[in-house]
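Visitor: Here is what each chain is made of, one letter per residue.
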Amino acid sequence: MSKATLERGLNALREQIDTPIALFFSSCTHCGMCATACLFYTETENPAYTPINKVEPLRRLWEQEYTLVGRIKKALGMSKPITDAELEEWKEYAYNACSLCGRCTMVCPVGNDITYMIRKMREGMAASGHTPEGLVGASTRAVKIGSPMGVKLPALQAQARHVEKDTGIEIPFDVEGAEYMLLMSSMEIMNYPEYLEAVSKIFNAAGKSWTISSEAFEATNSGIQIGSSDIARELVSRVVNAAEKLKVKTVISPECGHAYTAIRWEGPNLIGRPFPFHVKHILEVLDEFREQGLLKTEGFEDARMTFHDPCQLVRRGGVVQQPRNLLNMVATDFVEMKDHGIMNWCCGAGGGVSANEDAEELKMKAFNRKKHQLEELNVDTLVTACANCRIQIEEGLEENEIDMPVVGLTEMLAEHLVEDKKTGVSDND
Amino acid sequence: MNEVDFLLWVRGPGLAIASIIFVLGMTVKMFEIFMLGRKKNLAELRGSGIKEGFRTIITRSGHVDTYSTRNTRFTHIAGWVFHIGLFTAIFLLAPHIEVFKSIVGFAWPALPTPIIDFATVIAMITMLAMLFHRITNPVLKYLSTGQDFVVWALTFLPLLTGYMAYHHLFFSYTLVLGLHILSVCLLLVFFPFTKLTHAVTLFFARWYNGMMAGEKGVQQ
Amino acid sequence: MTEINNESQFRAALKGMSLANQREVGASFVEQVAYLADDERIGFAIRVASNKDAAEDELNAAHKAAKAAAIDCYTRCGSDADWAAQAGYFVARAASAIVTPEKDVGRDGPAWTAAANSRLARTCSIIESNPEAESQEAGKQYRILEDYLKKRV
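Protein sequences, first through last, are from chains P, U and R. For the first sequence, counting from 1, position 167 maps to 167 in our numbering; every step adds exactly one. Just so we're on the same page, our numbering is the position in the second sequence counted from 1, plus 1000. Just so we're on the same page, our numbering is the position in the third sequence counted from 1, plus 2000.
Rather than coming from a laboratory, the hints here were simulated on the basis of the structure. Beta carbons: idealized from backbone N, C-alpha and C, even for Gly. Do not rely on the hints blindly, as some may be mistaken.
What the hints assert, rightly or not - Only pairs whose alpha carbons sit at most 20 Å apart, straight line, appear in this in silico PhoX-like list of lysine-lysine:
hint: 1; chain 1: P; residue 1: K91; chain 2: P; residue 2: K3
hint: 2; chain 1: P; residue 1: K165; chain 2: R; residue 2: K2140
hint: 3; chain 1: P; residue 1: K338; chain 2: P; residue 2: K371
hint: 4; chain 1: R; residue 1: K2015; chain 2: R; residue 2: K2064
hint: 5; chain 1: U; residue 1: K1051; chain 2: P; residue 2: K73
hint: 6; chain 1: R; residue 1: K2151; chain 2: R; residue 2: K2064
hint: 7; chain 1: R; residue 1: K2140; chain 2: R; residue 2: K2052
hint: 8; chain 1: P; residue 1: K247; chain 2: P; residue 2: K208
hint: 9; chain 1: P; residue 1: K371; chain 2: R; residue 2: K2151
hint: 10; chain 1: R; residue 1: K2151; chain 2: R; residue 2: K2015
hint: 11; chain 1: U; residue 1: K1040; chain 2: U; residue 2: K1051
hint: 12; chain 1: P; residue 1: K165; chain 2: R; residue 2: K2015
hint: 13; chain 1: P; residue 1: K73; chain 2: P; residue 2: K91
hint: 14; chain 1: P; residue 1: K74; chain 2: U; residue 2: K1195
hint: 15; chain 1: R; residue 1: K2103; chain 2: R; residue 2: K2150
hint: 16; chain 1: R; residue 1: K2103; chain 2: R; residue 2: K2140
hint: 17; chain 1: R; residue 1: K2140; chain 2: R; residue 2: K2064
hint: 18; chain 1: P; residue 1: K80; chain 2: U; residue 2: K1051
Claimed, not checked - Sample of chain P residues facing chain R (criterion: CB under 7 Å; computed from the structure):
hint: 19; residue: E56
hint: 20; residue: A138
hint: 21; residue: M404
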């Protein structure tokens, strides 16, 4: 990628300024309400973490170059220029203290989509080289190796073999004409191989054809996290090429939040054309199976459980009802958090925060918001559908000495799957 | 210049100049905003978002979650009370309606002046409370710039001078009325170049917000 | 004598065992890979699971410790994958399985879960060099189970 400079950064920001951005900056009245929606503010009370403050350099650029008074002031030498030092200071606000969770967007009384603004702000940060080291490493690995964590194909194949042995079902690689192409996040491949096993069992029982592309299996898009459209585009293109090559109808985004945002909503805009295939989150697909009678479960969990809504899936992704439909298939005692669905609170680790070593401490502080939500509720188990949220919550619960299992929804459904005796695939085999 | 000349100037040429600057300024502002455009969304949309956009214009005035509701109660209530008081004073006072009639050609019923008086007092008290809040609340202290205080004054002065005019306070009626109209002129002149533009842009901002969420199938 | 030469037989034999016995044989599986984690919490779990008379609070303590070990070992999102270290994560998961409280035991049972995670640990430890690591570990586990059942008879 090209060398980072301040001028490149400013140019990147200029490209990002559009009508919504101008409307938002024109409307902000400094009311401060966005702060109360942001868990990084509520758990630290650091006013610098107020969402609208995270885009202050972008605001000044807009004012100085896209408004009459701003341009006059600049011409008269009365405006404060944006500097490398300032952007370096803003690294903490735009990356450490923001997971792009979207709550500020929902709460702003004048209607500012502050998340949209911060995402665009990151483009300038990335182009000027003011990004956390962890994200740079992850992006570099993603571009060079194909995975932000350096997970190469042999590793995936080893996990696949393990799953095949467990289930007796083949994991289909590179099958042309399959209906679905599955993507996986490196986090899932490394830490939760049971996800792949669950998908394999469910699809087998449903009789649906699927495949994994050996050329593009990674779902995580580090480009989105760091805020580089160039990197994001490269990563999306690999998936698109593979999907087109295998002529699949639908690409499935796994249990990962930002992966969904990247491929489902940003993807076509990054490559400049609509996709010739659908993109669905695994929960959307499973809910469709449920509606079609292809997902049959038996037995119930009697533990009292609640659902943590991954921000990018629910609030920013629009997949709100599906996890609930699916959970209700196997739960007898499901209770919603007080702020749930599109207003649930972020786990604190998304949008690159968990990949950012500098944000380690802050991330755990932010988790206290989720802790409060759980304390209000009194449940035995927490269910979610994002590997990153899962790790963050497990770590947070551990740190706070709260004993509560965290379960992935797909995994939970697979555990209750009615095994088809006819095909001879059963737990007893 | 004596008081009468001052009043005649400010309600004649003064107001005219201010109005022209207001209209030109807002036109330039809207042009500056809308000429930027927005790239077409090429993702497979769940809806056009148009319905959600319009809905959000209304719903965004309410609250969305338990935590924010509890912690922004003052700002939320003060915002409502102040705006209602302000608009009551501007649009429902008989002499003001006369002015509007001369511009748009039609009028509407006025509210009794004592009620407007009451609304004005409430609005001013609320504004003072909001000023106190702005200088004591940590988030607002951090965010606030000189412009926030200038705009506060620009909004407060018409309310104050209007109140003074009605009650014939402190100065002669002619002078106070002149000051009242001058304060409105200042408000008009600064309007397009400060955050006061939110009065117009917020409808569009809320619309885009709702629309972009609606494209994904999310409605507040 | 029960012969175990494939997955079906392995799973069937495990399924027929009592919870206490599953914990014991599961502990043997974990022992094979414990060194990959080098964490005394693993040893603690193995000891507790191997002890037929272990009290409930001992089991709970061991379970908590093993879970903590798993969280300490997992690879952070976006960080460079260290498969050797990742092996420790799966060892901790295997250790956690053998001391899981009865009410939380999943469909597969503690012994099978421990076996699966132990194999994953083995695979991780030599993922780049030995693709057959998984099957070799499975074979070892078949022998361990055969011996265990022989002693029970």
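Visitor: If a hint holds in the structure, say so; if it does not, say that too.
Guide: Against the structure, the hints:
1. K91/P - K3/P: holds (18 Å)
2. K165/P - K2140/R: With Cα atoms ~15 Å apart, K165/P and K2140/R stay inside 20 Å; holds.
3. K338/P - K371/P: Holds, at roughly 13 Å.
4. K2015/R - K2064/R: violated (25 Å)
5. K1051/U - K73/P: Violated. K1051/U to K73/P sits at ~40 Å, over the 20 Å cutoff.
6. K2151/R - K2064/R: violated (31 Å)
7. K2140/R - K2052/R: violated (23 Å)
8. K247/P - K208/P: With Cα atoms ~15 Å apart, K247/P and K208/P stay inside 20 Å; holds.
9. K371/P - K2151/R: violated (48 Å)
10. K2151/R - K2015/R: holds (18 Å)
11. K1040/U - K1051/U: holds (18 Å)
12. K165/P - K2015/R: holds (17 Å)
13. K73/P - K91/P: Violated. K73/P to K91/P sits at ~27 Å, over the 20 Å cutoff.
14. K74/P - K1195/U: Roughly 19 Å separates the two Cα atoms, so the pair holds.
15. K2103/R - K2150/R: violated (29 Å)
16. K2103/R - K2140/R: The hint is violated at about 29 Å.
17. K2140/R - K2064/R: Answer violated: K2140/R to K2064/R is near 28 Å, above 20 Å.
18. K80/P - K1051/U: violated (41 Å)
19. E56: violated (27 Å)
20. A138: Cβ of A138/P sits 4 Å from chain R, so the hint holds.
21. M404: violated (11 Å)
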